[in-house]
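Undergrad: The residues making up each chain are set out below.
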Amino acid sequence: MLAVETEQASLAGALGRRGITRRQLVKFCSLMLTTLALPDKYLAATVAAVSKAKKQVLVWMQFQDCAGCSESMLRSSHPEIADIVLDLFSWEYHELIMAGSGAAANAVLDRVVTQEKGNYIAVVEGGIPTADGGVYCTIGGRSALDIAKTVCGNAAATIAVGACAADGGFMRAHPNPTGAVGLEEAVPGIRLINMNGCAHNPVNTAAVLVHYLTFRDLPAVDQHNRPLFAYGRVIHDQCERRAHYDAGRFVTEWGDEGHRKGYCLYKMGCKGPAATFNCPTAQWNDHTSWPIRAGHGCIACASPRFWDHMSPFYDRLPSVPGFGVEVTAGELGLGLVGAVVAGVTVHGLITMIRPAPPYPETKV
Amino acid sequence: MHPALNEDRRHPEVPVGQCSAVYVWQYPIRLFHWALVFSIAVLAVTGYYIHDPFIIDQVKRPYLMGWFRFVHESFGMIFIALFVMRICLFFRFSGGDRWVRWDQYIPLRGVQFREMLNVMEFYLFIRRTPISKIGHNGMAALSYVAVYTLMLVEIVTGLVMYDWIMQSPVIHFLVGWIPRVVDIQNIRLIHFFAMYLFVIFGIFHVHIAMLISRVEKRGLMDSMFTGYKVIPVTELDEAEKQAELSRK
Chain A
1 MLAVETEQAS
11 LAGALGRRGI
21 TRRQLVKFCS
31 LMLTTLALPD
41 KYLAATVAAV
51 SKAKKQVLVW
61 MQFQDCAGCS
71 ESMLRSSHPE
81 IADIVLDLFS
91 WEYHELIMAG
101 SGAAANAVLD
111 RVVTQEKGNY
121 IAVVEGGIPT
131 ADGGVYCTIG
141 GRSALDIAKT
151 VCGNAAATIA
161 VGACAADGGF
171 MRAHPNPTGA
181 VGLEEAVPGI
191 RLINMNGCAH
201 NPVNTAAVLV
211 HYLTFRDLPA
221 VDQHNRPLFA
231 YGRVIHDQCE
241 RRAHYDAGRF
251 VTEWGDEGHR
261 KGYCLYKMGC
271 KGPAATFNCP
281 TAQWNDHTSW
291 PIRAGHGCIA
301 CASPRFWDHM
311 SPFYDRLPSV
321 PGFGVEVTAG
331 ELGLGLVGAV
341 VAGVTVHGLI
351 TMIRPAPPYP
361 ETKV
Chain B
365 MHPALNEDRR
375 HPEVPVGQCS
385 AVYVWQYPIR
395 LFHWALVFSI
405 AVLAVTGYYI
415 HDPFIIDQVK
425 RPYLMGWFRF
435 VHESFGMIFI
445 ALFVMRICLF
455 FRFSGGDRWV
465 RWDQYIPLRG
475 VQFREMLNVM
485 EFYLFIRRTP
495 ISKIGHNGMA
505 ALSYVAVYTL
515 MLVEIVTGLV
525 MYDWIMQSPV
535 IHFLVGWIPR
545 VVDIQNIRLI
555 HFFAMYLFVI
565 FGIFHVHIAM
575 LISRVEKRGL
585 MDSMFTGYKV
595 IPVTELDEAE
605 KQAELSRK
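So the protein lines, in turn, are chains A and B. Position 12 of the first sequence, counting from 1, maps to 12 under my numbering, and the rest follow consecutively. Position 242 of the second sequence, counting from 1, maps to 606 under my numbering, and the rest follow consecutively.
Residues of chain A placed beyond 12 Å of chain B at every Cβ, according to the derived structure: (1) Ala12; (2) Gln56; (3) Thr178.
Listed below are the simulated EDC-like cross-link pairs for lysine to aspartate or glutamate, each with C-alpha atoms no more than 16 Å apart in a straight line: (4) A/Lys55 x A/Glu92; (5) B/Lys424 x A/Asp246; (6) A/Lys54 x A/Glu116; (7) A/Lys261 x B/Asp421; (8) A/Lys52 x A/Asp87; (9) B/Lys581 x B/Glu599.
Since the hints were derived computationally from the structure, they do not count as laboratory data. All residues carry an ideal CB built from backbone N, CA and C; glycine is no exception.
Isolated chain B, as found in the complex (with noise of 0.2 Å):
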């Protein structure tokens, strides 16, 4: 037997032989993930930069503020572009397959708030292992869709900001209505602090990462780069007889 397949290096509860990898993540949503990874980072560093000019360049660049603004606002294109995909791959239609569909997403069956407490427990040290799912948890799904929301609440925030100096009849007819709710100081304020929770999404989920990827040994983390997570092929099994009752 090869060496690396020894005893004492085997996993004790996962017999040789018996995990399959398995093709969750298809590239759509790994393209979303990532692009979004990119232009929130692109988006934070020179949204800050418009709300607090951190270079105030005296000489050299003749166009600094713009080029930032050019970044932020073509970003935010692409940002919104990226709201309107994952809109998409919520639906089997639009090429959305069974781990990122909508009902994966939002809670609605009593199993999903069950592994929401389950995994509560498990970051407060009350439990040793969380729950294990081919796709996200109740808990995971959860998050996800707060971030969706705080997506939401930029994008609109910021369409008000860029209708108010562009003028755009579409943007307007949309969005026109918001400065006389909430006042456009309120909406700069909001778009800006939403920002920080993006941020602190990002600590928590990296961390809540790597927390769950080392009790799982699966390839949580790995997932994201190659779509494929090594699964226990009784845990397969289990899921499709799950699949088969809800269809049913």
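Next comes chain A alone, as it looks inside the complex (with noise of 0.2 Å):
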């Protein structure tokens, strides 16, 4: 009875009872339009949108994760954003957070799917394995593909944060023994936003609902179906060591005086010229910093199937593939290079030490 009553309350009246001011609620829309890059045009249209909003369900699922996403949602300390998103939307079903557990619990998300259908947002939190019918992850006796499928299959939205969701994550990192796979793959055809990441951040999941609520519609997205605000841009051309790096200035050993005085972290293995991502203008725990502020390279976290593709961390460039994990293309190449030169220069006096041929022929 409680859901239900929370459902019809309009938004404002329940901000208020939790003692957020239209000051707060204003600053807060204001911090979303500057993540969504909008303009201040909208900043009137978003809080009349939010304010006057009738609450909308949202579940949390939790499949083949570590909850790193769920604590990077609510440890968020700015007190807009923790605050006002729990508010803004009826969290029915958060396994991380809930009270209610076991039979309880699955009744409120099977609640949720049948009477909320085609209304509610389903946030989708790790990876889906589709190994051995999908045995390496149940919930209540349903395999999680299963529970996905009806869960998704029936939201208005699906929002997957994090790595794992978005493409399998660690979970999909070689040699993959549980078959886990990403929503996109695991249930083709929803209405789908993947928020890339180890962890997501909150900055960027909380636009993208406010995005819901106010226009009724998922951001733009990109051929990753990432939104374009937060993931349209390559790091390296936002960082602030950018200047080092077209300097030719670069760190070459961890703890050197290069890395004492902040230069660039391109030499050693800095993924931000392949990743796209806000980080380093939306960054981390209410703006403090961001990893390549705090002296480690990027790892390219919020890049598909990162684990694969971005590996080495601490090199440029992946090893080259059939020929063990620490030849690099530098040294096979070199060495390809000096069985060349060497051959050649065996072709070449063998060639010298016979006596001159004659003339060639002209016919084969």
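Take the two lone chains, each set in its own frame, and fit them into one complex as the hints suggest.
TA: Now the structure itself:
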């Protein structure tokens, strides 16, 4: 009954009861618009849409995950994000934080899927195993794949948060014993947006939710189904250490003079030039820092299948396939050049010591 | 008789007065050749610096990597222009003459395969002399087809990386779909490794040019500067007969 009441309540009232002032709401909406890269003329419309909106039912599914994406969302100490996002939606099902368990929890999920069919938002965290009938992740006796098909198939929109839900993530990394895949492959044809990242950035996910509340639509996406506002630009081009890169000032060893001076981490295998994300501008923990500012190269955690494609994390390029794990393209190339030089030298010497050949033939 | 034409200085099998200097390589193909050599050299050095910045400049030059990238990208555009130029020269209507046209390069006739075998035997010391051609033999032609393919690989992977940062609509339309199929890191790997294949080709190319030049004594190396090769007249007549046959 409680759920039904909150569902009907308008959001402005609910926020007021939680002690969130209109000023805080406007600040929150401004932050979201900035993240979405929308002009401020949308502010009034966004505030109006958010405060008038009927509470939207939301279920947060967890499959093969580490709960890191849930933590990332819940521990955003920005009061606006944590409080308002939790209050913008009727957060009906979230295994990590819900009080109910067992049959009671399953009943809530079943009720949402049947009563709110086509109206609720599903957020999915974690990969979905497909090997051996999906036995590697089951909840209440049902496989993750089965649950995802039911829950996401009946949702108005699905948000895949984190690398695991987007493309299988860590679970899918070679050799992938559980046959894990992302939501896009597990449940094709649903209305889906991928929020890649390990973990997802809560500011971006909140922005997608606010975008949905305001425009009743998901934001524009790139070829990997990730929102362009967050994944449209290369990290390298937004990096605060970019000037050091252009100047040719590089860290060559952890803890060297260049590292202490904050030089570019390109030679340490930073994947900033390969990765697209708004990490340098959105940053983490209330805009405190982000990996490259902290002195560690980017590992491209927001890129598709980054465990396989972006490793080794501390080398510039992938290792050459078929030559063991430690052979780099440079070593292989130099080895081949050396072998060719040696071969050609021997060939030339043999030619020299033989007597001069006769005039060549002209017909074969 | 002039002392240079003494019996012991003349080639025993080529009679005096029976050779002709033939303009084999017209200036477009020579321009292509030397511009390609220069651009590959520049691209290899600057590209290697971009892969592994070997000059860590602390103070003096404040835009070192920027300049390396600018030079690399500029020469990349020249490289693309050269590739397009070479494709044009494959066809007669765009100025391509007999020995640089496409049918000299794509092995479709049996004689080209026989030439390959012949030249391979020469390299392996089974045969004392290789087949001598006015233009390319089948083996040489095939190796140039491999180089043009390698050029295409470098151009496509290079444009993918260029598009990654420049977002030009035309380039994006052409190559924007590729990172979805082949991951951008593997694109970088291919682009980098192909450089070594160019270096390896260069070593073989110079070595073999010296080998054949030594046997043929027709000014093979010289011909890439002057365009002229010295061909016995009998061979020219033979080549003309074959050209006549293939026209019919």
